[in-house]
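**Student:** So the chains spell out like this:
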Amino acid sequence: MSTSPTDSLPLNSSEHIVIVRQAVRRRAIEMGFNLVDQTKIVTAASELARNTIQHGGGGHATIEVVSDGSRHGLRLAFEDQGPGIADIGLAMRDGYTTAGGLGLGLSGAKRLCNEFAITSTPGAGTRVVITRWK
Amino acid sequence: MERIPILKMGRFLLVSIQVDMHDQLAMQLQDDLTQRIADTGAHGVLIDISSLEIVDSFIGRMLGNIAAMSRVLDAQTVVVGMRPAVAITLVELGMSLSGVRTALNIEQGMDMLSASADTAAERGNVHVAN
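Top to bottom, those sequences are chains A and B. For reference, each letter of the first sequence is one residue, going 121 to 254 in this note's numbering. For reference, each letter of the second sequence is one residue, going 128 to 257 in this note's numbering.
Please keep in mind that the hints were generated in silico from the structure rather than gathered at the bench. Take every hint as true, because none was put in to throw you off.
Each pair of labels, with its calculated beta carbon distance range:
1. A:D188 with B:D238: 49 to 57 Å
2. B:G168 with A:G215: 35 to 43 Å
3. A:Q201 with B:G226: 33 to 41 Å
4. A:T218 with B:Q157: 18 to 26 Å
By construction, the Cβ of each residue, glycine as well, lies at the ideal position given by its N, Cα and C atoms.
The shape of chain A in the complex, shown without the other chains (with noise of 0.2 Å):
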C-alpha cells in the first residue's frame, strides 16, 4: 500500500465542512472518478465532517490518494479529540440520532464508500477512516 500527497483541513464550523466538500470533489476529478462515484465519496464526506464538528466538538479531516498495486483509491480520516461513542454498534444504526438529525450520517456514509472504519475511545475521541476505490 503507497499513499501520496495528504491534505489536512481543519474542521470547527459549517463552512469547514464545505471547504472539506470542495476538496474531496477536486481530488476526485483529478483521480477520474466517474460523476456518481465523486458525489458518493462528496456526500460521505459532507456526512463524517458534520458528526466530528457536532458530535467530536470539532477535528480535522485528512484526504489521501492511496494505491494496492493494481487500483487507485480516495482515503479520507476524519478525526476528534471528542468525548467518543460508547456503543459504536447502536451509533452505526439507521434513524440513531442524538443530536435530533435523521441518524443517517454514520450508516449512510459506510453505504457510500467501499471500505469503512471506526474507531472511537469514550473520552478520548474518534476516527472514522472512507475509502473508495477507482
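Using the hints provided, position chain B relative to the given structure of chain A.
**Tutor:** Structure of chain B alone, referenced to chain A:
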C-alpha cells in the same frame, strides 16, 4: 449576512439554490421561506436544486422540513432539477425525500403547483381568473 434569495412570482415563491450551502445558510433559508409564505400567503413554493452537486442528509432534512412547514401554512412545495448522480447518492444514503414533491424541471414544477393551487381554489369555491 449571506442569504439565498426568495422571489415572488404571482401566487408562488421561487428559490434557486446556486451556491454550495453551509448548514447555517440552509437553516436560514428554511426560516426565511416559512416567514415569506406566511407574509405573502403564497400557495406554492418551487425550489430549484439543479445547481446542487450534492444533497446530504442535512440538506435533505431541510427540504423535508420546508415541505412540511409550507403544507401546514397551506402551500405546496415542489423540488425541481435534482441531478441524476445526486438522486442515486441520496437514495443510497438512505433518504427517499418522502413527503417532498419533485419534478424534473422548473416548467413541470410550475405546472404541478398551478394545478394544485387551482384545485384548492375550486374546492374553496373561490373564483380564479385564468
